[in-house]
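Those protein sequence lines, which keep their order, are chains Z and U.
Note that the UniProt record's numbering has the first sequence beginning at 1, numbered continuously upward.
Note that the UniProt record's numbering has the second sequence beginning at 1, numbered continuously upward.
What the hints contain is simulated information worked out from the structure, not anything from laboratory work.
As the structure is a computational prediction, the values presented were derived from the model and not from experiment.
Incorrect hints may appear among the rest.
As the list makes no split between identical chains, a pair holds if one copy fits it or if it spans any two.
Okay, derived cross-link-like pairs now, BS3-like style, lysine-lysine, Cα gap no bigger than 30 Å in a straight line [stated by the list, open to error]:
#1 Lys135 - Lys77
#2 Lys135 - Lys53
#3 Lys108 - Lys77
#4 Lys108 - Lys53
#5 Lys156 - Lys77
Protein chains: 2
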Amino acid sequence: MTAHLYDLVLADGRRLSPYCWAAKLALAHKGVTLETTPTRFVDISTVAGGGFKTVPVTEIDGATIGDSFALALHLEKTRPDAPALFGGESAVALTRGVAAQGAYLLGKMSRPMVLAIHDALDAETQGYFRASREKMFRHTLEEVAANPDASVAAAKDAMTPLRILLRGQPFLGGDAPLFADFLIAGLFQWARVVGAVDYLAGEERIGPWFGRLEERYGETLAATRG
Amino acid sequence: MTAHLYDLVLADGRRLSPYCWAAKLALAHKGVTLETTPTRFVDISTVAGGGFKTVPVTEIDGATIGDSFALALHLEKTRPDAPALFGGESAVALTRGVAAQGAYLLGKMSRPMVLAIHDALDAETQGYFRASREKMFRHTLEEVAANPDASVAAAKDAMTPLRILLRGQPFLGGDAPLFADFLIAGLFQWARVVGAVDYLAGEERIGPWFGRLEERYGETLAATRG
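For reference, chain Z alone in the conformation it holds in the complex (with noise of 0.2 Å):
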């Protein structure tokens, strides 16, 4: 069957969010065919009979699931013989602890590239962008996207851990990638679609993993207009 996923968009089309890039890889290492819809930040609420506040919403199996993590857990539960996603009980919960990491590194990512963001939405859903993000932030958009050095020089130092576990193993989950690349790849897909700022420049490391990604997931990864 197919699967249908309401993917986050900028004004252009072009594909947002980490984690709904994190689901469409998840999707795809089991196989499952996809169908996307383009969906605005302000539209989120409407799509899929209502009551989502957050991307990815996607309907798999007579079913609608409004989050990433849940999405990959149904996949792993639905289709065991496809590659595992996670590989036992206790991967999915170390695998929660990447998924606080990823959120860590999508604040830190995220400050040289909101203004970016902001500038790439339509009139509407710029003033819902503004709005929660200066929230979250406490602070304007332009304050947070001042000093863009320190803020890219920050980002950079919270990857160390990446850097220092792709030393010694080419995946995340070691010798294949499992749901803990993808929440971490989706990170970087984002900001390369974004654009404002090129995180794999000069990464030794972290730049042949994406690689590595990029040649089993390449349809995906290249579909940043679906």
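Please arrange chain U on chain Z, whose structure you already have, making use of the hints.
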């Protein structure tokens, strides 16, 4: 059988190394009784027949294992009926990520602690410690220890993923601790033994998590002088 661990000490016998603490927690988790030999930094190369550069060095089951992660893998393989330290191959790979996160945290947490550690070593060991750490940090210990408030704040910031994770589950390993918990707990125990910075103060998620580990491994964690 009883395992034997060469345990890094300060001049007054306090047990220092975060990786030794992780190893001791892993041994306790698997129900292995333990004897320790207090070992100074400058004596590491002479223990267990020589050839080791770092601690913990552990003699167990007729083998000598010179790394806490390798020890945990050995325990998991040889004691499959005791509580798990990993829980499968994927979990091993993901725990390497926690170890990388721990190495990053170690660097951050150590900055405001380095002079206190130096001052608590005997004169011979102080020389080794200063030379090796100044090479590592590429600054004098006094420079590394400058601006302790900023260093503590940076270390606290780097603990953010741990705080996020512990909102949703009691241990890094989920409902029960895994080696991932011990890798991080070793850092907080190390800081507690040194006493220069109280990293658990005011930590509403991390403090109770460490308390839950103390409930389970209180005897191990109380043996700060062996």
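Okay, the hints, checked on the actual structure:
1. In this assembly of identical chains, Lys135 and Lys77 lie within 30 Å of each other by CA distance neither inside one copy nor across copies; the values are 37 Å within and 49 Å between.
2. For the homomeric pair Lys135 and Lys53, the shortest alpha-carbon distance inside one copy (16 Å) is at most 30 Å, but the shortest distance between copies (50 Å) is not.
3. Neither within a single protomer nor between protomers do Lys108 and Lys77 lie at most 30 Å apart by alpha-carbon distance, with minima of 33 Å and 39 Å respectively.
4. Only within a single protomer do Lys108 and Lys53 lie at most 30 Å apart by alpha-carbon distance; the minimum there is 22 Å, versus 36 Å between protomers.
5. Taking the shortest Cα distances, Lys156 and Lys77 never come within 30 Å of each other, neither inside one copy (35 Å) nor across copies (37 Å).
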